[in-house]
Structure formats: structure tokens, C-alpha cells
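Generate coordinates for the entire structure from the input sequences, incorporating the hints supplied.
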Amino acid sequence: MNRLFSRKSTKYVAIGASAITAASASYYYSLDKDDGLRRNVRLYSHLTPILIHYRLTGIKHRLLNTPEDVKKQELKHLHEIYSTRALAAIHDLRGWYVKMGQQLANRNDILSEEYIEKLRQLEDKVPPSMTGEEARGVIKRALGLKSLDDVFLDFSDEPIGSASIGQVHKATLKSNGKTVAIKVQSPNAEQLFKNDVSAAKGLFTLFVPDQSIFFDEIEKQFANEFDYVVEAKHLNRMHNNMTPVFGNLVVVPRAYKELCTREVLTMEYLKGIKLVDGVRDNAREWCERNGTTLEALEAEMKEKYSKETFKMPPPYNGPSATVIGLYIGAIKTGDALVNIPVTLHNWTLGYLVPSWKVPYYKSFIPLNTARIMDTLLSIHGHQLFVDGFMNADPHPGNFLLLEDGRLGLLDMGQVKELSTKERVWTARMYKALADQDQDAIKTLAIEMGYSSKKLDKEVMFKLARFSFDQDGEVATDGEPLIEWLQKLVSYLLRGVGLMLNHPVSVAAAWKRYAEQVLKKENI
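Just so you know, this note's numbering puts 274 at position 175 of the sequence shown, and the rest follows in order with no gaps.
No wet-lab data here; the hints were simulated from the structure. Any given hint might turn out to be false.
To be verified - What follows is a set of in silico ranges between Cβ atoms, one per label pair, in the way DEER data are often shown:
id, residue 1, residue 2, range
1, W385, E212, 39 to 47 Å
2, R611, E546, 17 to 25 Å
3, D534, E233, 50 to 58 Å
4, G243, T392, 14 to 22 Å
Claimed, not checked - Lysine to aspartate or glutamate pairs mimicking EDC-like chemistry, simulated, CA-CA at most 20 Å apart:
id, residue 1, residue 2
5, K356, D248
6, K541, E557
7, K515, D486
8, K431, D380
We treat Cβ as the ideally placed atom computed from N, Cα and C, and that holds for glycine.
Have a look at this one:
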């Protein structure tokens, strides 16, 4: 009966989906003027059949009292099918949905592993929304130019990067010959954003009302992301904050204020590759040298993590950044010594007879993932506790591996400025987590308005650790404890750590910053 019910459910979903899609398509082409309404129809056409199938499956499980193992198997099958369709829907709709997908890619407290895996493609694989000619038009209108030649020696029509609401082009300034990156906002991006949030929130309110509150936080935070003048100010402020303290580790590009408008942001160009690409390239080289493939390695790591008690494994306790750095230095020194006779040969006999040249020996140089994570945790801890001005969107696509070994920090569209009171509360929270002080966590949670029937301090501690420190299976009967953005930074950094095979405890890394704040405020 269970199997028969499943077939019937699938049949009805298919019929319903076809009807919805057909009706939506017909209605879609009748809408000539309201682009927002057209996008809403596209959203509902994509997602309604998916949500209906999940809802029917849930009803089936309740009515038939489906065994837990069968339930998990069926849901996993749905996740595998619909995660691919959800990604296709985001690529079709673009705009705000790309940004939402990037955020959700780090919310393994909400989504399954199948969805996380698909959505993480949005961190570095977003197709451009404009042609080169269209981008030129936006820049000319925004800067009041008759021709880009008035300001730029050259301009690349091929974007070097794409984001949720625009794309980035490379150019050379006429005034000083320096290479710049120009961030260009897609036309009508802000209005489409408002329409999209309203439509998505309505859909989730109808089918999964307990998750609809997520959209309120998204809407508030992204409201200022459409003014590139504001982002330019954020960039320069972050540059001034980071450079004196972390200038040997990171680079924040400076904005050219005179070439920035609401739709155009001109900034220094940083030469490097995305952290995501660098990690994958390094892993692929290791695999090739060891007779395996990157896909096999990823599958092995995936299997390893799935067997852990926690969704993310325990914090990294391997060699430190210093030890790995010494190891890398030793490898490079060894290569240099081995290549001395090769160099002598190539510059003597090889110079006379080019075909006699031999290749230089090159060992595999691993990424110093410990240093990368130490740096990311340090700079964001400093931003949060010392400066009170932090980047609220530190996902992997916003970091570059620069040619000189430093990290490039991009995209300051989302920032959060904390008051002294907020910094003190956050410092108390992270110190309590690092010290595993359940009584202090309970006190802090109640201060922030957390309530539940039992006020169980063990449950509250688990929830706080999940939200702010490291992921795990959490038993909870209440709501999250603190402002969404501060949790999001922790989620995203932990996601980067997992990508680097370097899982972290944010609380342990930030304890020293928290103690500095509390000492300064005499707490």
C-alpha cells in the first residue's frame, strides 16, 4: 500500500505540476507590462510543484505511519531530484534568488546535504546578466560619459565575475594607467528584488510558514546593497581598518569615489583566483599525483563526514599554520637544490641544443589551509569585536587567493555596525561558549528574549553552540538566540572551514577578542 500510495502521489503531483506549468505559461505570455508579476508567475511555476510534492509526501508519511528508514530514503530521493530543479530555477530567475541561494548554501540547519551541494555552485558559477554592450551603456549613463574612452584606456566586454544583482568588468584607467574592476548593477535590480522577496515570502508562508521569517531578515539586510556609493564607503572604511593590522595577510581593494555611483562601483583590481577555485585546483593536482580523482576524493570526504556524530566534524587539531608553512618552505628549498644541476644543464647544453632541455622538478605544494582559516577567523573576529564593523557576507566566493600569497576580501555590500552594547553581549556569548558555561548561556539567552516551556540550559547551550560555534545535531524547543546576521557570519566561516577540510570552533578562535572587549568595558 505504501508503494501504491507513493505512485499515486507522484502521478497526482505530475498532473498538478503540468496543469500549473501550463496555466502559468499561458498567463505569463499575457503579461506585457508588469515584469514583477511575470517573475512571480515564473517563481510559482518553478517551486509550486516541488512544494506540493513535499507536502503530499509528508501527508502520506503521517497517514501510513511510514517507518523512519523508508521516510528518510524517500525524502533523500526527493532532495536529489528537486535540488537540481531548484538550482535551475535560480539560474532562470537570477537576481535576489542567487543571493538567497548563496546564503542558504551555508544553512545546513535548514536544508539537506543535497540542496547544500547544489546551491554552493552559486558561490562561483553565476552566469552574467548583461552583455558587454549593455554593461557599457549602464556605465556611460551612470558616469555621464559620451564614451568610455573618456575615462578608460580599455574595457573588457567579457565579465570577470558575476553576482546576484550585477557583474564585474576589467578596465584600465586613462588617468594613471592602473587596472580597475568595475562592478555594474543590472537595470531594475532593486525593483525586481522587492517583487521577488514579496513573492517568495508569500509562497513560503503558504507552504512552510515556519521558515517565512527568514525572508524578513534577508529583506532588511539587502536593502542597502543596491547603492554602490554606500558600498564604496564600506570598502574604503574596511581597507583603512584592515590594512594597518592585517596588511601582510589580506588586501581590501580601495574604491575610486569619483567613479562610483548608485549603479557603478570602480575599485582596485586584485590579481588572483577565487578561493573556491584555488582549493579545487590544489586538490585536483594532489589527486592526479596520487592516482585518484577529485570526484573520488570529494566522495570519500563526504562519506567520512556523514559518519560523524555531528554534521560537521570536530574542530581541526592538525599541524599549525606555522608548522605547515615551515613544511612548505622545506619543500621549496628541496626543489631549488634539486633543480640546480637542471638549471646548469638547460643554460649550457640545453641553450645550445634546445631539444636537450629537461623539465624542472616541481613537488606538490599544499595550500596552507591552517593559515587561511586562521586569517579569516582573525580578521572577522577583529571586525566584530574590535572595530564593531564587519562584513556580514563572508562566503567562499568573496575571497581571492592572490599571487603574493595574501587573501583578497571582496564585496562589502552587506556590512553590520555593532553598538558597544551589542559587542559586549556577543563577547559574553562567545566567551561562555568557549568556556562551555551553560549557566551563562542561559542568562544571555533570556536577556535576548528567548523563551520556552522548560528553559532547559542544556538545550539552550546546544542551540547556542549550533548557532554560533560549530554545527551538530541539535535538540531544541525554542527559537534561535541572537540577531540573524551575527549567526550568519559564523555559519559562513564554518562553511569555508569545511570546504578547506579544516573545520573550526569559532568560539575558541574568538575567545581572545571577546576577553579584550570585556576587559576594556570592565566586565
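Right, here's what the structure says about each hint:
no. : hint                    : in the structure
1   : W385 / E212: 39 to 47 Å : violated, 24 Å
2   : R611 / E546: 17 to 25 Å : holds, 23 Å
3   : D534 / E233: 50 to 58 Å : holds, 55 Å
4   : G243 / T392: 14 to 22 Å : violated, 52 Å
5   : K356 / D248             : holds, 19 Å
6   : K541 / E557             : holds, 9 Å
7   : K515 / D486             : holds, 11 Å
8   : K431 / D380             : holds, 19 Å
Taken one by one, the earlier hints fail for this structure at numbers 1 and 4, listed in ascending order.
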